[in-house]
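Working from the sequences, and respecting the hints, build out all of it.
If you're matching positions, the sequence shown starts at 1 in the working numbering and goes up one per residue.
Worth flagging that the hints you see were computed from the coordinates, not collected in a lab. There's no promise every hint is true.
As the list claims (entries may be wrong) - Here are the computed distance ranges between Cβ atoms for each label pair:
| hint | residue 1 | residue 2 | range |
| --- | --- | --- | --- |
| 1 | Ser21 | Lys59 | 30 to 40 angstroms |
| 2 | Ala41 | Tyr61 | 25 to 35 angstroms |
| 3 | Thr80 | Asp34 | 49 to 59 angstroms |
| 4 | Asn71 | His31 | 52 to 62 angstroms |
Every residue gets a Cβ at the ideal spot worked out from N, C-alpha and C, and that includes glycine.
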Amino acid sequence: MENSIPVSEIKDFNQTLHDVSKGSQVIITSHGDDKYAIVDADEWRKSQSTIKLLEELQKGYKSYNEGRSHNLDEFSKLITVDHE
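Right, here's the structure in full:
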């Protein structure tokens with residue numbers, strides 16, 4: 001759920017922070033435009049992790065489409081560490 005509050009209407013910042021909960025954020029607007037988002041820190045971390053995962057999956061998909069992929073045997077050889 002999203003709450004939008006014009007910056008000019010924020011009188012009690014503690015109340016604004018109280019309005020932020022998991023799964024919900026407060027969007028602060030200025031002159032009718034969204035400018036800032038206040039989100040729960042755990043939700044923000046989860047979003048950042050999801051973004052990083054999707055970026056890595058996209059890299060893998062791109063490599064696969066460019067023919068830069070390996071079968072299981074090739075991959076096993078690439079990650080094998082020589083302990084000599």
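How the hints compare with the structure:
Hint check: Ser21 to Lys59, Cβ distance near 34 angstroms, so the stated range 30 to 40 angstroms holds. Checked against the hint of 25 to 35 angstroms, the C-beta distance between Ala41 and Tyr61 comes to roughly 30 angstroms, which is consistent with it. As the Cβ distance of Thr80 to Asp34 is approximately 50 angstroms, the hint placing it in 49 to 59 angstroms holds. Take Asn71 and His31: their Cβ atoms lie about 57 angstroms apart, and the range 52 to 62 angstroms holds.
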